[in-house]
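As given, the protein sequences belong to chains A and B, one line each in that order.
So in our numbering, spot 55 of the first sequence is number 55, and the numbers just go up one at a time.
So in our numbering, spot 116 of the second sequence is number 116, and the numbers just go up one at a time.
Please note that a few of the clues may not be correct.
What the hints assert, rightly or not - Incomplete in silico selection of chain B near chain A, CB under 7 Å:
| # | residue |
| --- | --- |
| 1 | G42 |
| 2 | L43 |
| 3 | A82 |
| 4 | P83 |
| 5 | E104 |
| 6 | F107 |
| 7 | G108 |
| 8 | Q109 |
| 9 | G110 |
Stated by the list, open to error - Covered by chain B, according to a simulated footprint, are these stretches of chain A (three or more residues, beta-carbon under 8 Å):
| # | region |
| --- | --- |
| 10 | 39-48 |
| 11 | 52-60 |
Claimed, not checked - Here are the simulated distance ranges between beta carbons:
| # | chain 1 | residue 1 | chain 2 | residue 2 | range |
| --- | --- | --- | --- | --- | --- |
| 12 | B | G53 | A | S70 | 28 to 34 Å |
| 13 | A | Y27 | B | K44 | 20 to 26 Å |
| 14 | B | G63 | A | Y39 | 25 to 31 Å |
| 15 | B | T70 | A | S3 | 30 to 36 Å |
| 16 | A | T30 | B | Q109 | 26 to 32 Å |
| 17 | A | W83 | B | A52 | 42 to 48 Å |
| 18 | B | G96 | A | A16 | 27 to 33 Å |
| 19 | B | G96 | A | S73 | 25 to 31 Å |
| 20 | A | I68 | B | M19 | 41 to 47 Å |
| 21 | B | Q17 | A | H10 | 33 to 39 Å |
| 22 | B | T70 | A | P113 | 31 to 37 Å |
Just so you know, the hints here were simulated from the structure itself, not pulled from any lab data.
Where is the CB? At the ideal position from N, CA and C, for every residue including glycine.
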Amino acid sequence: AQSVSQHNHHVILSEAASLELGCNYSYGGTVNLFWYVQYPGQHLQLLLKYFSGDPLVKGIKGFEAEFIKSKFSFNLRKPSVQWSDTAEYFCATFSGGYQKVTFGTGTKLQVIP
Amino acid sequence: NAGVTQTPKFRILKIGQSMTLQCAQDMNHNYMYWYRQDPGMGLKLIYYSVGAGITDKGEVPNGYNVSRSTTEDFPLRLELAAPSQTSVYFCASSLGRLSLGNTEAFFGQGTRLTVV
Numbered sequence: 001a002q003s004v005s006q007h008n009h010h011v012i013l014s015e016a017a018s019l020e021l022g023c024n025y026s027y028g029g030t031v032n033l034f035w036y037v038q039y040p041g042q043h044l045q046l047l048l049k050y051f052s053g054d055p056l057v058k059g060i061k062g063f064e065a066e067f068i069k070s071k072f073s074f075n076l077r078k079p080s081v082q083w084s085d086t087a088e089y090f091c092a093t094f095s096g097g098y099q100k101v102t103f104g105t106g107t108k109l110q111v112i113p
Numbered sequence: 001n002a003g004v005t006q007t008p009k010f011r012i013l014k015i016g017q018s019m020t021l022q023c024a025q026d027m028n029h030n031y032m033y034w035y036r037q038d039p040g041m042g043l044k045l046i047y048y049s050v051g052a053g054i055t056d057k058g059e060v061p062n063g064y065n066v067s068r069s070t071t072e073d074f075p076l077r078l079e080l081a082a083p084s085q086t087s088v089y090f091c092a093s094s095l096g097r098l099s100l101g102n103t104e105a106f107f108g109q110g111t112r113l114t115v116v
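If we strip away everything but chain A, and leave its shape as in the complex, we get:
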């Protein structure tokens, strides 16, 4: 079954800095990758998803992610972060055995004004 791993547990950036959060996946057949965001006290929201086609995926709020098959990576990027981007970010994939989304352990992003 596919799984994902996130190695950055806590990232602190100043406003206007560029962001890149790492996500590596184990290939298990059909590729399906997601990035979700959880703002403080709120539910998970989908930022973007990749199933096939253009490996550079544009999401909401200026986020993008690039699927690099040779590196088994699906890193999340944003050119210039804002204080409002402070949240926890989860990389996720589909796990066929349970017909469910499998999440990474999450990366907490803190943006300092």
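The hints should help you fit chain B onto chain A, whose structure is shown.
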């Protein structure tokens, strides 16, 4: 459009008490899920359902039960609350099988449960 609605948002239970976490979706989704979220552990699947009358265990089902009598509702039952069940619980739904692609899971706002 309410999406996925969870109640309550917060609850404190004493050890040994029981409670039901409610989850309802108005999107006519067949698939519904219960996750628990613990710090540094990501989300773990407790139970899931592929349609009314059909449920199955996820990764961490012990201490929980579910039922799915209607398409809309998927309640999670804790029979004998234990401190290890202190967590944030998320309900989610999806239209169909995620393996088919071009679909996504929609999440509720979560229930923060503390067992003391």
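Do the hints match the structure? See the list:
With a least beta-carbon distance of about 4 Å to chain A, the hint placing G42 of chain B at the interface is held under the 7 Å criterion. Restraint check, L43 of chain B versus chain A: the minimum CB separation of about 4 Å is within 7 Å; hint holds. A hinted interface residue such as A82 of chain B counts as satisfied when its beta carbon comes closer than 7 Å to some beta carbon of chain A; here the least separation is about 23 Å, so the hint is violated. The beta carbon of P83 of chain B is not positioned within 7 Å of any beta carbon in chain A (closest approach about 22 Å), and the interface hint is therefore violated.
Hint status for E104 of chain B relative to chain A: holds, with the closest Cβ pair at about 5 Å, below 7 Å. A hinted interface residue such as F107 of chain B counts as satisfied when its beta carbon comes closer than 7 Å to some beta carbon of chain A; here the least separation is about 4 Å, so the hint holds. A least Cβ separation of about 6 Å between G108 of chain B and chain A falls short of the 7 Å threshold, and the interface hint therefore holds. Among the interface hints, the one on Q109 of chain B holds; its C-beta lies about 4 Å from the nearest C-beta in chain A, closer than the 7 Å criterion.
Because the smallest distance between the Cβ of G110 of chain B and any Cβ of chain A comes to about 6 Å, under 7 Å, the interface hint for this residue holds. Counting residues of the region 39-48 of chain A whose C-beta sits closer than 8 Å to any C-beta of chain B gives 5, which meets the bar of three, so the coverage hint holds. Given a C-beta distance limit of less than 8 Å, the hint that chain B covers the region 52-60 of chain A is violated, as 1 residues qualify and 3 are needed. For G53 of chain B and S70 of chain A, the hinted distance range of 28 to 34 Å is not satisfied, since their beta carbons lie about 45 Å from each other.
In this structure, Y27 of chain A and K44 of chain B meet the distance hint of 20 to 26 Å, their C-beta atoms being roughly 22 Å apart. A hinted range of 25 to 31 Å for the beta carbons of G63 of chain B and Y39 of chain A is consistent with their spacing of about 29 Å. Distance hint check for T70 of chain B and S3 of chain A: the Cβ-Cβ separation is about 33 Å, which falls inside the suggested range of 30 to 36 Å. At about 30 Å, the CB distance of T30 of chain A to Q109 of chain B agrees with the hint of 26 to 32 Å.
Judged by the Cβ atoms, the range 42 to 48 Å given for W83 of chain A and A52 of chain B holds: they are separated by roughly 44 Å. Checked against the hint of 27 to 33 Å, the pair G96 of chain B and A16 of chain A fails, with Cβ atoms roughly 41 Å apart. Checked against the hint of 25 to 31 Å, the C-beta distance between G96 of chain B and S73 of chain A comes to roughly 28 Å, which is consistent with it. The beta-carbon spacing between I68 of chain A and M19 of chain B, approximately 45 Å, falls within the hinted interval of 41 to 47 Å.
Checked against the given bound of 33 to 39 Å, the beta carbons of Q17 of chain B and H10 of chain A, roughly 35 Å apart, stay inside it. Here the CB-CB span from T70 of chain B to P113 of chain A is close to 47 Å, at odds with the stated 31 to 37 Å.
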